Amino acid sequence: MISIVDYGAGNLTSVKRALDYSGIKSQITADPKELLTAERIIFPGVGHASSAMKTLIERGLDTALKNAFLSGIPLLGICLGTQIILGHSDEGDTECIGLIEGNCPRFDLKDKSLKIPHMGWDSIRILRDHPVFRNVKPQDEFYFVHSYYPQPADKSTIIALCEYGTEFPVVIGTRNLIATQFHPEKSGPAGLEILKSFSSWDGSPC
Amino acid sequence: MLSKRVISCLDVRGGKLAKSIKFVNTQDIGDPVVTARKYYEEGIDELVFYDITASSDNRDIMIDVVDRVASCIFIPFSVGGGLRTVEDCTKVRLAGAEKINVNTSAVANPDLINEASVALGAQAVVLSMDVLAVPVTAQIPSGYEIVTHGGRNRTGLDAVKWAVEGQRRGAGELVVNSIDADGTKQGYEIKLTRMIADAVTIPVIASGGGGRPEHIYEVLTEGHADAALIASILHYGEYSIRQIKEYLRSRGIKVRI
Numbered sequence: 251m252i253s254i255v256d257y258g259a260g261n262l263t264s265v266k267r268a269l270d271y272s273g274i275k276s277q278i279t280a281d282p283k284e285l286l287t288a289e290r291i292i293f294p295g296v297g298h299a300s301s302a303m304k305t306l307i308e309r310g311l312d313t314a315l316k317n318a319f320l321s322g323i324p325l326l327g328i329c330l331g332t333q334i335i336l337g338h339s340d341e342g343d344t345e346c347i348g349l350i351e352g353n354c355p356r357f358d359l360k361d362k363s364l365k366i367p368h369m370g371w372d373s374i375r376i377l378r379d380h381p382v383f384r385n386v387k388p389q390d391e392f393y394f395v396h397s398y399y400p401q402p403a404d405k406s407t408i409i410a411l412c413e414y415g416t417e418f419p420v421v422i423g424t425r426n427l428i429a430t431q432f433h434p435e436k437s438g439p440a441g442l443e444i445l446k447s448f449s450s451w452d453g454s455p456c
Numbered sequence: 025m026l027s028k029r030v031i032s033c034l035d036v037r038g039g040k041l042a043k044s045i046k047f048v049n050t051q052d053i054g055d056p057v058v059t060a061r062k063y064y065e066e067g068i069d070e071l072v073f074y075d076i077t078a079s080s081d082n083r084d085i086m087i088d089v090v091d092r093v094a095s096c097i098f099i100p101f102s103v104g105g106g107l108r109t110v111e112d113c114t115k116v117r118l119a120g121a122e123k124i125n126v127n128t129s130a131v132a133n134p135d136l137i138n139e140a141s142v143a144l145g146a147q148a149v150v151l152s153m154d155v156l157a158v159p160v161t162a163q164i165p166s167g168y169e170i171v172t173h174g175g176r177n178r179t180g181l182d183a184v185k186w187a188v189e190g191q192r193r194g195a196g197e198l199v200v201n202s203i204d205a206d207g208t209k210q211g212y213e214i215k216l217t218r219m220i221a222d223a224v225t226i227p228v229i230a231s232g233g234g235g236r237p238e239h240i241y242e243v244l245t246e247g248h249a250d251a252a253l254i255a256s257i258l259h260y261g262e263y264s265i266r267q268i269k270e271y272l273r274s275r276g277i278k279v280r281i
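As given, the protein sequences belong to chains F and S, one line each in that order.
Here this note's numbering is used: the first residue of the first sequence is 251, the next is one more, and so on.
Here this note's numbering is used: the first residue of the second sequence is 25, the next is one more, and so on.
If you are wondering where the hints come from, they were derived from the structure by calculation, not from laboratory data.
Please read these numbers as outputs of a predicted model, since none were measured by experiment.
By construction, the Cβ of each residue, glycine as well, lies at the ideal position given by its N, Cα and C atoms.
Keep in mind that a hint or two might mislead.
[As the list claims (entries may be wrong)] In silico contact screen, one side only, chain F against chain S (beta carbon under 7 Å); selected entries:
id: 1; residue: A268
id: 2; residue: K365
id: 3; residue: G370
id: 4; residue: D372
id: 5; residue: L377
id: 6; residue: R384
id: 7; residue: K387
id: 8; residue: P388
id: 9; residue: E391
id: 10; residue: F418
id: 11; residue: A440
[Said to hold, decoys possible] One-sided and incomplete, this derived list gives chain F residues near chain S with beta-carbon spacing under 8 Å:
id: 12; residue: Y271
id: 13; residue: G273
id: 14; residue: I274
id: 15; residue: I278
id: 16; residue: A280
id: 17; residue: V296
id: 18; residue: G297
id: 19; residue: S301
id: 20; residue: F357
id: 21; residue: D361
id: 22; residue: R375
id: 23; residue: Y414
id: 24; residue: T416
id: 25; residue: L442
id: 26; residue: W451
[To be verified] Lysine-lysine pairs mimicking BS3-like chemistry, simulated, CA-CA at most 27 Å apart:
id: 27; chain 1: F; residue 1: K365; chain 2: S; residue 2: K278
id: 28; chain 1: S; residue 1: K185; chain 2: F; residue 2: K362
id: 29; chain 1: S; residue 1: K62; chain 2: S; residue 2: K209
id: 30; chain 1: F; residue 1: K316; chain 2: F; residue 2: K362
id: 31; chain 1: S; residue 1: K62; chain 2: S; residue 2: K215
id: 32; chain 1: F; residue 1: K360; chain 2: S; residue 2: K62
id: 33; chain 1: S; residue 1: K62; chain 2: F; residue 2: K446
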């Protein structure tokens, strides 16, 4: 059973539907206690970092996520979820959960013809193997919608990059945590493969 | 670098798929969910569902279509047609649509764009515009006018000005549909698409007139569009998505295959 963290940030049902379709059991929960006993956790999200953090703190979910991470429960962050597992986001100058040290800057591109948000399908460059990405093929593309991106302090936590005027991290991970800036639940068959691999991942990084 | 998107539009009437030719005669050609799933498997990048019934008693039928689509198709899709309030937009979004699409209702009530953008985020708000070529006047300096009701009603709005205003009000994307080109399969309105794409910083989806892969190539290059909408050439099986994308790739366009 995968627990999908409900903190009022966007379309949680999209993730649930993608898991349902793939035959993976899941539940949407806002209960911190349930996260601590979860088999696996998906931390999705669309929206603004500061309002997301406000709700997480109100519901006690920030601490629960931290403890779940420390206890070794496999954890998948998606989009805003990926950004706010870092220590800070420039969006609203927000203190975030801090499972990985780092910041979320806004795109500052020299090429002004490039539109922000970075929205649409894009390819990624995988730097190192990860069990959750074992079925990803080099030509696979993923669906992105974002104006900020995760920049971890420790470069060894970067698993994949994307190029859009600049090269920036799009998959980060350490120990039992893996997080994608793109939306696997909206990335067609390639995205569903990632969700499937996550559903059987034991949380060890290789 | 982002891929250029190939998007298909499915016109839905009373829960059934329809394709309008010049917006006058519509002919039912199947179940939108079955067709959408087929296009998904063939590699379409995004889908638009346009409810052309636009009467309130059919609202729930459309919500059911959205829900069924969201349960078997895992790419972004937007829904439009008859969304008049933020509540309408939110309902569609909760049923599983990534984006909402406003057109006539935004012309009648431009604040709807602002309100939807605040409620759902700019990335979820697509402003769709039906455009007619008209003589250049002081009021319509671009020579393109926004029309509604399939072209039957003129609005007096200049298309380029309206596009800029839509962006300012919080639209995250524009669909530029040429009424003159729609259903002709003679190619997109390149000049119109480029004028609008150059006037805004949000993505522009060209619509109306796509009959051959070359037309899509033209509008993505000369027309400065980020995406192209196709309908009848797919619905009637004249080209497959794969054929179109392979053609675009062979001409140097980055597409997802």
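(request) Tell me, in ascending order, the numbers of any earlier hints that this structure violates. (result) 5, 6, 7, 8, 10, 11, 13, 14, 15, 16, 19, 20, 21, 22, 24, 26, 30, 31, 32
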